[in-house]
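Construct all of the structure, not just a fragment, from the sequences and the given hints.
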Amino acid sequence: MTKTADIKPYLRLERYPTIWCAGCGNGQVVGAFLRAISTLDWDPKKVVVVSGIGCSSRASGYLNFNTMHTTHGRPLPFATGIKLANPELHVVVMAGDGDTTAIGGNHFIHAARRNIGITMIVFNNGTYGMTGGQCSPMTGHACKATTAPYGNLDTPFDICKLAEAAGATFVGRGITYAPVKLESLITEALKHKGFSVIDAVTQCPTYYGRLNKMGSPADMLTWQKEHVISLEKAASLPKHVIQDKIVTGVFVKDLRPEYTTLYRRLHEQCGEDDCHD
Amino acid sequence: MTKVAAMVGTDAIAEAMRQINPDVVPAYPITPQTSIVETYAQMVADKLVDTEMINVESEHSALSAAIGAAAAGSRVMTATSSQGLALMWEMLYIASGLRLPIVMTNVNRALSAPVNIHCDHSDSMGARDAGWIQLYSEDAQEAYDNIIQAVRIAEHPDVLLPVMVLMDGFIISHSLGRVELLEDQPVKNFVGTIQPPYSLLDTKNPPSFGAFDGLHGYYFEVKRAQAQGMLNASAVIKKVGTEFAGISGRSYDFFETYRLEDAEYAIIALGSAAGTARTAVDELREQGERVGLLKLRMFRPFPAQELVDALSHIKAAAVLDRSDTLAGSIGGPVFVELRSAFYEAEKKPRLYNFIYGLGGRELDINMMKQTVETIQTGMSDGVVQSSVAYLGVRE
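Going line by line, the protein sequences match chains R and D. FYI, the working numbering numbers position 34 of the first sequence as 38, with every residue one higher than the one before it. FYI, the working numbering numbers position 100 of the second sequence as 104, with every residue one higher than the one before it.
Among the clues, some could well be false.
Chain D side only, calculated, beta carbon under 10 Å to chain R, not exhaustive [claimed, not checked]:
id, residue
1, Q46
2, G88
3, V119
Label-pair ranges, simulated between beta-carbon atoms [claimed, not checked]:
id, chain 1, residue 1, chain 2, residue 2, range
4, D, T381, R, E92, 25 to 35 Å
5, R, G31, D, A239, 54 to 64 Å
6, D, E399, R, G31, 32 to 42 Å
7, D, Q291, R, N110, 28 to 38 Å
8, R, S220, D, T261, 38 to 48 Å
9, R, S220, D, S255, 33 to 43 Å
10, R, D248, D, V226, 51 to 61 Å
11, R, N110, D, V226, 24 to 34 Å
12, R, T22, D, V8, 33 to 43 Å
13, R, L241, D, Q46, 36 to 46 Å
14, R, I233, D, V226, 56 to 66 Å
15, D, L52, R, K197, 52 to 62 Å
16, D, N370, R, P21, 50 to 60 Å
By construction, these hints were calculated from the structure, which means they are not laboratory data. Each residue gets a CB set at the ideal place from its N, CA and C atoms; glycine is no exception.
This is the structure we're talking about:
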């Protein structure tokens with residue numbers, strides 16, 4: 005199924021070529037997402053993709069679903085409104101790491117806290133690619149960015165830990181080097197009832213790679229390969245060994261009442277008991 | 005001794021900032037502003053300046069940090085565009101209400117939706133009542149000059165208001181142009197050092213900024229004082245504009261006129277469109293048409309009386325707006341304010357509004373000439389039905 009999945013019907017090919025640079029990983033993440041969607045056999049009319057602002061957020065324009073390209077950092081509030089208005093829809097948010105953890109950080113933690121049934125795919129390339137490679141909250145410590153030419157002083161977030169602490173009920177991380185695993189992670193996230201987060205680690209060869217002398221896009225993928233470690237393996241290793249590794253897998257898979265379900269329940273309860281008194 | 009360089013607008017701004025050497029620059033990337041802070045970040049990293057630069061997590065935080073730093077008595081600068089300015093909205097009013105002399109470049113870009121990264125003035129025009137002084141620039145040279153003057157204007161004790169310097173996105177920000185750069189020392193002497201009347205760091209006389217002052221407090225009086233600061237700004241802007249000629253040879257006023265003295269018809273524009281208008285005026289003059297240009301530099305405060313004086317002899321004028329008030333049939337912001345300024349004037353031109361260039365739509369010389377032709381026809385046989393027209397829109 006995975007190898008033969010025809011994802012073309014899900015694409016607005018008339019909008020091609022994409023704006024993404026050669027070697028960019030955004031297409032790999034979108035590809036994994038579309039193959040995941042194709043295995044679920046959902047009615048495309050019931051799928052809504054909401055995106056923020058940035059390179060990866062341009063994805064919504066290329067996808068043949070109901071899509072909404074919103075403002076920087078705010079796709080989650082838009083998506084929350086969509087989901088609350090019509091909980092039957094499959095709502096997916098696509099946003100970059102800057103969108104998710106900087107300007108939209110507040111929305112991210114509160115969507116997780118509410119456990120609203122939205123799947124959030126974070127295209128995490130560790131930089132603001134669209135505006136030219138500035139430092140984001142996911143830029144590694146001491147890594148270079150156009151606004152940190154001699155290295156970043158800050159420490160990045162761990163998106164998965166952040167999501168878990170804030171209350172997300174499905175949290176996973178994948179890499180573009182392993183697109184099949186990424187696809188199955190996204191499939192699980194899409195099926196999950198509650199707020200699900202995928203930290204999709206991807207490469208930006210044009211800015212991040214160039215500024216940090218990481219070589220070609222293939223070199224950047226090799227770097228991922230050399231630094232990846234599964235959650236199961238990492239669990240038995242001491243902290244200092246895994247600190248510069250990309251730990252992948254499912255970090256959280258939990259069941260907690262989903263927000264729109266709770267909302268509907270309250271609504272029904274109010275209808276019976278007449279809450280207005 | 006000046007140096008002539010070929011520079012894009014964003015580099016001209018960064019160069020002026022280097023010479024000014026502000027204490028604090030908090031910033032967040034947004035197209036097309038980003039190159040300013042990127043260039044400036046490199047200058048900070050290379051120790052060309054003493055600035056404390058803060059890479060914040062949003063524009064709201066950028067202006068918040070700027071406000072905090074300015075309240076602590078620092079000289080603060082930042083830059084933004086479009087959605088970034090929109091996100092700063094809450095803080096724009098805090099900056100002006102606290103009378104903090106922050107200088108910010110806004111590289112004009114259209115506001116979403118739909119998403120558009122190209123030039124129009126809907127971002128800064130939306131902020132026109134936020135209590136900030138607004139200076140528009142025709143090219144990179146003016147943007148460079150305006151930034152240097154803005155520091156003096158903002159920090160003047162009679163003013164103490166934040167200043168926004170506007171520069172057209174891409175058309176100026178990313179286009180290479182001729183810029184005369186001043187030597188560092190004259191710029192440093194011109195801007196001097198900041199003398200804040202109150203500072204959070206003044207431990208002997210600790211002030212309180214912006215606190216709730218009760219139900220019977222002084223909010224109204226604070227706003228009245230703010231209005232006075234804006235009134236006072238006109239004289240200061242004129243004085244600083246004249247003094248600036250002393251170090252640069254270029255003097256600045258509220259607006260600039262071109263072949264307007266004996267004109268029957270006028271084009272009124274701000275930003276880069278003025279350059280296109282000037283060429284159109286020359287070509288129309290060659291054909292014997294008596295056309296002139298008024299380029300508006302200062303939109304806040306609005307030089308109402310001066311504009312009336314400069315334009316009362318005109319038969320009809322084409323007022324160009326690169327944004328719309330979307331308020332019905334009243335036209336764009338420049339038109340609305342200019343028409344209001346003429347209400348009590350005895351002699352007034354017929355004013356026509358042309359809304360152009362939204363989302364970066366091209367404005368060429370022929371379109372500019374077309375505006376003049378339209379108002380001429382309107383004056384001779386009254387065929388022009390509406391005072392407000394959209395120029396270059398696909399109907």
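Given D/Q46 was flagged as interface, is its beta-carbon under 10 Å from a beta-carbon of chain R? 5 Å, holds
Taking the beta carbons of R/G31 and D/A239, is their distance inside 54 to 64 Å? 58 Å, holds
C-beta pair D/T381, R/E92: status relative to the range 25 to 35 Å that was hinted: Violated, at about 58 Å.
Can you tell me whether the CB distance of R/L241 to D/Q46 sits inside 36 to 46 Å? 39 Å, holds
Evaluate the given range 33 to 43 Å for the C-beta pair formed by R/S220 and D/S255. About 54 Å separates the Cβ atoms of R/S220 and D/S255, which means 33 to 43 Å is violated.
For the hint 50 to 60 Å, verify it against the beta carbon of D/N370 and that of R/P21. 33 Å, violated
Tell me if the beta carbons of D/L52 and R/K197 are separated by a distance inside 52 to 62 Å. 55 Å, holds
38 to 48 Å as the expected CB spacing between D/T261 and R/S220, which holds or is violated: 57 Å, violated
Can you let me know if the beta-carbon spacing of R/D248 and D/V226 is within 51 to 61 Å? 53 Å, holds
So the hint says 32 to 42 Å: do the beta-carbon atoms of D/E399 and R/G31 match that? Holds - the Cβ-Cβ distance for D/E399 and R/G31, about 38 Å, lies within 32 to 42 Å.
Between R/I233 and D/V226, does the C-beta distance stay in 56 to 66 Å? Because 59 Å falls inside the window, the suggested range holds.
Chain R contact restraint for D/G88 - C-beta distance below 10 Å: For D/G88, the interface hint holds, since the closest Cβ of chain R sits about 8 Å away, which is under 10 Å.
Hints 4, 7, 8, 9, 16 from the list above are not met by this structure, while the remaining hints are.
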